[in-house]
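S.K.: Chain by chain, the residues run as shown.
2 protein chains.
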Amino acid sequence: MDNIYNNNSFFEQYAQMSRSKDGLAGAGEWHQLKPLFPPLSGKNVLDLGCGYGWHCKYAAEQGAESVLGLDLSEKMIKEAKARNADSKITYRVCGLQEYEYPAESWDFVVSNLVLHYIADLDAVYRRVYRTLKPGGVFLFNIEHPVFTAGVNQDWIYESTAGEYAADAIGKIADEISGEKADKTGGHVRKPLYWPVDNYYMPGERNTHFLGCDVKKQHHTLTQILMGLLNNGFTIEAVTEAEPPQEMLDIPGMRDELRRPMMLLVKVRKQTV
Amino acid sequence: MDNIYNNNSFFEQYAQMSRSKDGLAGAGEWHQLKPLFPPLSGKNVLDLGCGYGWHCKYAAEQGAESVLGLDLSEKMIKEAKARNADSKITYRVCGLQEYEYPAESWDFVVSNLVLHYIADLDAVYRRVYRTLKPGGVFLFNIEHPVFTAGVNQDWIYESTAGEYAADAIGKIADEISGEKADKTGGHVRKPLYWPVDNYYMPGERNTHFLGCDVKKQHHTLTQILMGLLNNGFTIEAVTEAEPPQEMLDIPGMRDELRRPMMLLVKVRKQTV
Numbered sequence: 001m002d003n004i005y006n007n008n009s010f011f012e013q014y015a016q017m018s019r020s021k022d023g024l025a026g027a028g029e030w031h032q033l034k035p036l037f038p039p040l041s042g043k044n045v046l047d048l049g050c051g052y053g054w055h056c057k058y059a060a061e062q063g064a065e066s067v068l069g070l071d072l073s074e075k076m077i078k079e080a081k082a083r084n085a086d087s088k089i090t091y092r093v094c095g096l097q098e099y100e101y102p103a104e105s106w107d108f109v110v111s112n113l114v115l116h117y118i119a120d121l122d123a124v125y126r127r128v129y130r131t132l133k134p135g136g137v138f139l140f141n142i143e144h145p146v147f148t149a150g151v152n153q154d155w156i157y158e159s160t161a162g163e164y165a166a167d168a169i170g171k172i173a174d175e176i177s178g179e180k181a182d183k184t185g186g187h188v189r190k191p192l193y194w195p196v197d198n199y200y201m202p203g204e205r206n207t208h209f210l211g212c213d214v215k216k217q218h219h220t221l222t223q224i225l226m227g228l229l230n231n232g233f234t235i236e237a238v239t240e241a242e243p244p245q246e247m248l249d250i251p252g253m254r255d256e257l258r259r260p261m262m263l264l265v266k267v268r269k270q271t272v
Numbered sequence: 001m002d003n004i005y006n007n008n009s010f011f012e013q014y015a016q017m018s019r020s021k022d023g024l025a026g027a028g029e030w031h032q033l034k035p036l037f038p039p040l041s042g043k044n045v046l047d048l049g050c051g052y053g054w055h056c057k058y059a060a061e062q063g064a065e066s067v068l069g070l071d072l073s074e075k076m077i078k079e080a081k082a083r084n085a086d087s088k089i090t091y092r093v094c095g096l097q098e099y100e101y102p103a104e105s106w107d108f109v110v111s112n113l114v115l116h117y118i119a120d121l122d123a124v125y126r127r128v129y130r131t132l133k134p135g136g137v138f139l140f141n142i143e144h145p146v147f148t149a150g151v152n153q154d155w156i157y158e159s160t161a162g163e164y165a166a167d168a169i170g171k172i173a174d175e176i177s178g179e180k181a182d183k184t185g186g187h188v189r190k191p192l193y194w195p196v197d198n199y200y201m202p203g204e205r206n207t208h209f210l211g212c213d214v215k216k217q218h219h220t221l222t223q224i225l226m227g228l229l230n231n232g233f234t235i236e237a238v239t240e241a242e243p244p245q246e247m248l249d250i251p252g253m254r255d256e257l258r259r260p261m262m263l264l265v266k267v268r269k270q271t272v
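Taken in sequence, the protein lines are chains A and B.
Residue numbers for the first sequence follow this note's numbering, beginning at 1 and rising by one.
Residue numbers for the second sequence follow this note's numbering, beginning at 1 and rising by one.
One chain only, chain A, in its complex shape (with noise of 0.2 Å):
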């Protein structure tokens, strides 16, 4: 994983997203998230990619005895310090791929928007899986593969037509390029639609996302799904992230009725 989020500029964009600013409580899934947690009363509680720390907070306020946030930049576990500190919170430096994974130590593994930096998703399944106590939970929240599978992960809009059309239609497009929508300037963009492509060709996607280059990894369903049955978990849930009624007037939030973009999703490791 690129750590992108020790890059200073990304890391101040990012600070400004109402899920840095506000929380829990700016993050759009979260009223589909919260009800997929267990009961974390007296539980143990692992975080892979605590991020800012907020879910370790929100687990450590449900009584969870104890909660090990890991994320692999060190900006972020400072930010999660000073910000969501707790006496049942410990915050490590550390990334998915490194961390050790002990057996049937954990009764919740939660993992909020990080699994799609990961190319070898199996390699975590597995490890999550070892390190569940039976009974045990693992609840993530993953780039769906409608988006990761878009075309540079955006839409397009009335001018990126007007681009290809461009191309199709040759000569007479530079007789015409002062004309086109995207050089009018200043006026907002209408999305037409979601563009998919490749879907069946998982890996890298180069996508651009708070003014910077991102590496993220595109799966498909079936590698998600198949991939968390394969190794002996029970699927509880499976639910698309959808903006809550009172978000939509935010300024382009009803676009997000238009195309998936995240997946939740919650399995369980059997009582034998």
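Hints should not be assumed to be uniformly reliable.
[As the list claims (entries may be wrong)] Think about it this way: if two alpha-carbon atoms lie no more than 20 Å apart in a straight line, the pair counts; the simulated DMTMM-like pairs of lysine to aspartate or glutamate are:
hint	chain 1	residue 1	chain 2	residue 2
1	B	Lys43	B	Asp86
2	B	Lys81	B	Glu61
3	A	Lys190	B	Asp197
4	B	Lys34	B	Glu242
5	B	Lys190	A	Asp197
6	A	Lys215	A	Asp120
Since the hints were made in silico from the structure, they are not lab data.
Small disclaimer: the values here were computed from a predicted structure and weren't measured.
Model the placement of chain B on the given structure of chain A, informed by the hints.
M.R.: Leaving out everything else, chain B in the frame of chain A:
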């Protein structure tokens, strides 16, 4: 369900599809659907939307004790009786929503490419759950949400992008309309990407398939999977249909790697 399969023109076109002419071997998803069938020796099998009866015949060949194939289309049932008759198989003209679903009567229920015509998926799940014996399996293949949420359920082609651009650049477009890519005629149109829109607005989609206007129903992945879990099923497989290597040289088949078209789901009614 509009019974498009009783429409003469549609039916004739359908007869020309390789899945109609060549049966299971001509269906791109069969290599993935087949291994999801449970052992059928001595079992009772219900096929919801049996079409030409290929899956009924396969079940009989696998040793099923009895097979009931239902289809809303008289033409399909006539064809099934002609092509795939077997002493173990009963074919009946009956819609999925009209069938009585007697309690705990079937070991295996299969449904191939029919559920995307059904608005109330949950009602079907509830009835299938009831009609399965404990331990029974429900296996279905439904059009993938990425496919049913596709704008007009078609690619955006170079020329389509040109049309959008024509809107965007206004008057200039009129001047160059003689040059528009979609008027060049005879050229093979290159798919640019698969456009997704209105994903979270399930319901009717008007599409064009085999030369006819066909109404389908878009369901989100959440509806498809949570509906099963909420009705008590255990998920055993979720697999996206991907054309096999040996079919990739069929014209257009490589584009099937660019977006998912079908979702194969296997679930079980638990023994209590």
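S.K.: Quick one: which hint numbers does this structure break? Sort them smallest to largest.
M.R.: none
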